[in-house]
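Engineer: Position 111 of the sequence shown, counting from 1, maps to 111 under the UniProt record's numbering, and the rest follow consecutively.
Some hints could be false.
Think about it this way: if two alpha-carbon atoms lie no more than 16 angstroms apart in a straight line, the pair counts; the simulated EDC-like pairs of lysine to aspartate or glutamate are [what the hints assert, rightly or not]:
#1 K443 to D377
#2 K128 to D267
#3 K455 to D393
#4 K208 to D223
#5 K168 to E194
#6 K75 to D103
#7 K67 to E188
#8 K137 to D85
#9 K71 to E115
#10 K86 to D26
#11 K168 to E37
#12 K177 to D103
#13 K198 to E188
#14 K211 to E188
#15 K253 to D231
#16 K471 to E491
Simulated restraints on C-beta separations [stated by the list, open to error]:
#17 K288 to L422: 45 to 55 angstroms
#18 L47 to H487: 31 to 41 angstroms
#19 P62 to E232: 16 to 26 angstroms
#20 Q353 to R240: 51 to 61 angstroms
#21 K288 to N452: 45 to 55 angstroms
#22 P62 to E245: 25 to 35 angstroms
#23 E379 to H487: 21 to 31 angstroms
Keep in mind that the hints were calculated from the coordinates and are not lab data.
All of these numbers come straight from a predicted model, not from anything done at the bench.
Glycine is no exception: its CB is placed at the ideal position from the N, C-alpha and C atoms.
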Amino acid sequence: MRDYDIGEGLSEEDNEAHLAMFAAADPIHFEDAVKSEKWKKAMDLELATINKNGTWELTELPEGGKKIGVKWIYKTKFNENGEVDKYKARLVAKGYTQQHGVDYTEVFAPVARMETIRLVVALAAQRKWTIYQLDVKSAFLHGELNEEVFVEQPCGYVQKGHEQKVYKLKKALYGLKQAPRAWYSRIEAYFMKEGFEKCDYEHTLFIKTRKEGKVLIVSLYVDDLIFTGNDELMFTDFKRSMKDEFDMTDLGKMRYFLGLEVLQRSDGIFISQKKYALEVLQRFGMDKSNSVHNPIVPGFKLMKDEGGVKVDKTYYKQVVGSLMYLTATRPDMMFVVSLISRYMENPTELHLQAAKRVLRYLQGTTEFGIFYRKGGDDELVTYTDSDHAGDLDERKSTSGYVFLLSSGAISWSSKKQPIVSLSSTEAEFIAAASCACQAVWLKRVLGKLGQNQGKPTIIHCDSSSAIKLSKNRVMHGRSKHIDVRFHFLRELTKAGTVELVHCGTQSSWLM
Numbered sequence: 001m002r003d004y005d006i007g008e009g010l011s012e013e014d015n016e017a018h019l020a021m022f023a024a025a026d027p028i029h030f031e032d033a034v035k036s037e038k039w040k041k042a043m044d045l046e047l048a049t050i051n052k053n054g055t056w057e058l059t060e061l062p063e064g065g066k067k068i069g070v071k072w073i074y075k076t077k078f079n080e081n082g083e084v085d086k087y088k089a090r091l092v093a094k095g096y097t098q099q100h101g102v103d104y105t106e107v108f109a110p111v112a113r114m115e116t117i118r119l120v121v122a123l124a125a126q127r128k129w130t131i132y133q134l135d136v137k138s139a140f141l142h143g144e145l146n147e148e149v150f151v152e153q154p155c156g157y158v159q160k161g162h163e164q165k166v167y168k169l170k171k172a173l174y175g176l177k178q179a180p181r182a183w184y185s186r187i188e189a190y191f192m193k194e195g196f197e198k199c200d201y202e203h204t205l206f207i208k209t210r211k212e213g214k215v216l217i218v219s220l221y222v223d224d225l226i227f228t229g230n231d232e233l234m235f236t237d238f239k240r241s242m243k244d245e246f247d248m249t250d251l252g253k254m255r256y257f258l259g260l261e262v263l264q265r266s267d268g269i270f271i272s273q274k275k276y277a278l279e280v281l282q283r284f285g286m287d288k289s290n291s292v293h294n295p296i297v298p299g300f301k302l303m304k305d306e307g308g309v310k311v312d313k314t315y316y317k318q319v320v321g322s323l324m325y326l327t328a329t330r331p332d333m334m335f336v337v338s339l340i341s342r343y344m345e346n347p348t349e350l351h352l353q354a355a356k357r358v359l360r361y362l363q364g365t366t367e368f369g370i371f372y373r374k375g376g377d378d379e380l381v382t383y384t385d386s387d388h389a390g391d392l393d394e395r396k397s398t399s400g401y402v403f404l405l406s407s408g409a410i411s412w413s414s415k416k417q418p419i420v421s422l423s424s425t426e427a428e429f430i431a432a433a434s435c436a437c438q439a440v441w442l443k444r445v446l447g448k449l450g451q452n453q454g455k456p457t458i459i460h461c462d463s464s465s466a467i468k469l470s471k472n473r474v475m476h477g478r479s480k481h482i483d484v485r486f487h488f489l490r491e492l493t494k495a496g497t498v499e500l501v502h503c504g505t506q507s508s509w510l511m
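Take the sequences, apply the hints, and build the full model.
Structural biologist: As C-alpha cells, this is what we get:
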C-alpha cells in the first residue's frame, strides 16, 4: 500500500518537493537509475541472476514472431525497523501486451491465505515450536515455460553487434502472465520430489513426516516461505535441499513476513503491524490526530447519504484499502472496515469521517496485535453473531465470527449477508451456518497438520432460537423459506462436526 502516495493538503511547491523525494528514493526511468552506483549494481546483480539461472538465450526473432518489451522496476526494500535492507532492481516483461490463447493459457497460482499463516503461527505456539523463514531470490525466474516467448534486450544491456537480436525465454520473467503459475508448478514439483505431502485443503501448505512423530510444516506465499516443526535435523536438511535447488536467503527466525511483525517469545508468539500502521497514519496525515477509544460510535449507522457532499473516490478507496490490510492482525477493526468498504463507489463526507475515526482509533492502538500462548488450547473456540437488518439501505444483516486457537484469533469475518432476513433468528442462523462452513475447513487443515479436532467444534451463539433450529426442524412457519444452503448447518450439527451452545450477548466480545 505504501508504494502509492496521495499528497493531499500540500501546496504546489510542497507537493513537488514531496514527489521529488520519492523519485530520488525509487527511480522510475532507467536514465535516472543508471546515474546512481547503488542502482547500477542492483541492475548488474539482476542480470547476473538471470544469466546464471539460464533464463534465456540470444537468438534471431523468427519470421512472424512477436517480441515482448521489458522494463526496469526499482524498489527500496526496508526491514521491520524501517531501515533500508537492500536496493532491488527487477527486470519485468510487459505482460499486458500478451494475448490470451496465443501467448499464454492458464495463469492461476495459489498463495497462502492469511488465516493459514496465522493458523501455522498459532499451532507453533501451542506446540512450543520455533518458526523460521526463507526467501527465494528471483523466484519467477525458476518457472519453466511451455510457450515460446521472445523478449527484447533490456535497456542499457544491449549486446554490441547483436542489436537486432532478441532473447528467447527458457524460463519465466516477472511480468509475464503465466509467470506465477510457472513458478508454483516448479516449487510444487520440488516439494513432491522431496517427499512432502500437499494439503488437499490448502495447496500452499506442505507437510513432511518421519518416524517417531517428527514433522516439518512449510507454508508458501509466492517466494516467501515459513516453516516449523519438531526436528532440527529436518530443518537443516530442508534448508540445504532448498539452497541446492534454488538461490535462497536464510532469514533465520520468522520476524517480518508480508508486513506482519512477529515476536517469538518464551511465553508465546505475538504478531502485529505497528510499522505498517504508523505508515498508514503518516500517509493520510493522521499521525498527529487525537486518538479515540473505539473505531465506531456504538449504535452509529452508515447509509448511502445520496445528498451528502461527495469526496474523492480514489482517496477514499486508498484509505479503506490500507485499513483492510491492517485487519490481518486487527480483528477489532474488521466490522467497521467492512462497513465503510460498502460505500467506495459513491463516498461522501459522512463516510470519510467514519473512515478517519478508524484512523484516530488506530493512532492510539498501533501496538495492538494477537498473542498466541505457548501450550495454549489445542481445540478451536468459536464465536458467532449478527445484527438483524443493520444495513439501512438494503435492510440486510451482517454476519460475524471469530475462531481462536492457542488463546489467539486465527480466523475472523464480518460480512453483509446475501439475503434479507425476516427475523433475528434467521439472521443468527445464517451467521452460524457461515461460521460452520469455515469450521469444517479449519478442522480439515488442522487434521492434516496432526491436530485432529476429535470433539465437535463449539460455536458460541447468543440466539437460543437459532440453536434450536440447528438441531431440529422447529418453528416451521419462521424457517420454511430459509435457503437450503444454510441448512447445511443442521447436517453438520447432526454429524457431530459442530455444536451450537448459548453465549449471552454480554459475554460475547465479537460484535
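Engineer: Does each hint hold? Answer for all of them.
Structural biologist: Each hint, compared with the structure:
1. K443 to D377: Satisfied, since the Cα-Cα distance of roughly 14 angstroms is no more than 16 angstroms.
2. K128 to D267: 9 angstroms, holds
3. K455 to D393: Cα-Cα ~41 angstroms, so violated.
4. K208 to D223: 19 angstroms, violated
5. K168 to E194: Violated, at about 31 angstroms.
6. K75 to D103: 28 angstroms, violated
7. K67 to E188: 29 angstroms, violated
8. K137 to D85: 14 angstroms, holds
9. K71 to E115: 35 angstroms, violated
10. K86 to D26: 12 angstroms, holds
11. K168 to E37: Not OK: K168 and E37 at ~29 angstroms, beyond 16 angstroms, violated.
12. K177 to D103: With Cα atoms ~9 angstroms apart, K177 and D103 stay inside 16 angstroms; holds.
13. K198 to E188: It holds: about 8 angstroms lies between the C-alpha atoms, which stays within 16 angstroms.
14. K211 to E188: 23 angstroms, violated
15. K253 to D231: 15 angstroms, holds
16. K471 to E491: 9 angstroms, holds
17. K288 to L422: 45 to 55 angstroms: Distance hint for K288, L422 holds at roughly 48 angstroms.
18. L47 to H487: 31 to 41 angstroms: 60 angstroms, violated
19. P62 to E232: 16 to 26 angstroms: 53 angstroms, violated
20. Q353 to R240: 51 to 61 angstroms: 56 angstroms, holds
21. K288 to N452: 45 to 55 angstroms: 51 angstroms, holds
22. P62 to E245: 25 to 35 angstroms: 32 angstroms, holds
23. E379 to H487: 21 to 31 angstroms: 26 angstroms, holds
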